[in-house]
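J.: Those protein sequences? They're chains A and B, same order as listed. Heads up: the first sequence begins at 0 in numbering that gives the first Met the number 0, then just goes up one per residue. Heads up: the second sequence begins at 0 in numbering that gives the first Met the number 0, then just goes up one per residue.
Since the hints were made in silico from the structure, they are not lab data. All C-beta atoms, glycine included, are put in the ideal place defined by N, C-alpha and C. Treat the hints with caution; some may be incorrect.
A few chain B residues that face chain A, going by a derived Cβ cut-off under 7 Å, partial list only [said to hold, decoys possible]:
#1 F14
#2 L76
#3 A87
#4 S211
#5 V213
#6 L221
#7 T237
#8 A247
#9 K272
#10 R277
#11 G281
#12 A288
#13 R578
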Amino acid sequence: MSQQSEHQDRRDAYWNANKKIMFGCLIVWFVVSFGFGIILVEPLNNIPLFGYELGFWFAQQGAIYTFLILIFFYAWRMNKLDREHDVHEE
Amino acid sequence: MDLQTLTYLVVGFTFLIYIGIAVWSRAHSTGDFYVAGKGVHPVANGMATAADWMSAASFISMAGLIAFLGYDGSVYLMGWTGGYVLLALLLAPYLRKYGKFTVPSFIADRYYSRTARVVAVICLIFISFTYVAGQMRGVGIVFSRFLEVDILTGLLIGMGVVFIYAVLGGMKGITYTQVAQYCVLIFAYTVPAVFISIQLTGNPLPQLGLGSTVSGESMYLLDKLDMVVQDLGFGAYTDGSKAMIDVAAITLALMVGTAGLPHVIVRFFTVPKVSDARKSAGWALLFIALLYTTAPAVGAMARLNLIETIWPGEVAESQPLAYEDRPEWFRTWENTGLLDFTDNNGDGLIQYYNSDNPDFAPIAESKGWEGNELVVDRDIMVLANPEIANLPNWVIALIAAGGVAAALSTAAGLLLVISSAVSHDLVKNIIAPNMSDRGELLTGRIAAAVAIGVAGYLGYNPPGFVAQVVAFAFGLAAASLFPAIIMGIFSTRINREGAIAGMLTGLIFTFSYILYFKGIFITPIAANVPENWLFGISPEGIGVVGMLLNFGVAFTISRFTAAPPKHIRELIEDIRVPRGAGGAQAH
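Just need the whole structure built from these sequences, with the hints factored in.
T.: Structure, rendered in structure tokens:
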């Protein structure tokens, strides 16, 4: 195998791993907002969370907290991936 | 000290800080002017992004919107925060790696085309100007209300301050002033919210107060609110009235639009590294979430406070407040026209209820009510909040400073992307490619000054559609720039022809649809009602359909035309890996 294509394979491996993490995060992003906050809001509203109805809580509070955790998780996970694949910044 | 003097002092003090920062952080090169020398710390950039992003509308209007929309207001909460997930995962790190100054530059390089650059500049200028007109208007209104100067004077003062730090400091000046402005605005927003939450529920955190019981009662705040609004003929606060598909479309259009707004994207060009760009999006959302999770509490609590003021006894059962006995803040805000009482049945009492609900009409009639007598502007929910809750004068002065900070910081960010699109993309790259760095810096400053003038003019003579620009700016960003950038990063096959056709399709479709129903320059062609909408999607959410069309057209055309040249494929491979982004430049 030539050095060129080996280099290309390594890049592809990094890119595919990145996409996997990204899609995972996007699924969570979709589920908490469009899933819990919009599509399933009525059934979830039958579940109380302190003084909130659960669906309403996701739409006005919970989705935002989840987004926040998601971004920090992604940043942390990608830094790790960058090192594993030796493409991190100096 | 009276309120007036106190407000002047507080606002004046914040202005001194902004100008001081501008002088300290003068721009010396185009790198400083466009992207702050790429040396901004990710936490500072997060704060600056938050201030950049949260406009007069977020600060003044959003809680009020939620107060009157209830669950339907969630589209703004999820839409305007969820966009940051897209930014962090799909855009920011790659655009930072690409490493040039503007959004149109990326589109021009990736699609190897001057036409693409021009199309991107047109999208950018249109989006940014519609947005900035609203900000200047916000500055004028805050000034005229709190400092009792007329709107023109207020506007001129605001323009003067922005001029000093945007023209002198460029991106560098704007970044550090935005950090200061964020601190002012978040303090001004949360202090009254904490007080009100304690008064109503005993819980100092508004986010938890919203889910708590009302002080001295066993009833939850939201249950009580649901009950009293329904007693007055309104829909339940925690239920929606919009169709699910429309709620989803608006939320997605706001998310994607956020991720496609040039003045937000360009903030991620200013950090030193790719990993900083990812982290910085998280910090930005943290600082934004402080306000965005407080806003629904402010909205619900202000609505309850208002209803309990008007209906001191059993809501809708006993008599409402007599107009004569109205509190002091009521009088103050009546003068501004934001509260308006008309005594329809001539009994001197304020009957506030929903007279648009046919099911409630018989009840109202049986009580001798002849229509709703109180019109409440939604902006009052934040602006009058401290007065309604009897908070000290310094808190009210703080609200004025916070409103001005929110409007100025957003205006400055927008003006900067307009000026860099003109000086860098149009003048340097198309009209006069041989210009020196100093010449380009001067052009940038002149463009910023002209843009401030135009924005001020639009703020003073709003073209009648300022209230509707949200649909425009977000829809267009979602339908034009966002897909072009995403495809540029994630596909190696999309070519020049596909991208240009896609952007134009998205832009023209979205623009026409909004025009068709809202008729901004023309009379609307069809009534803006759900029966007429395409798939039941309102003009606010139509950017999503524009985006899908953009993707579809770009893919189809690229399939049938030549693939991008080899050096473009190398460019794409290169932006996908973090190494080699280049460290911070001298500051």
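J.: Of the numbered hints stated previously, which ones are contradicted by the structure, given in increasing order?
T.: 1 and 5
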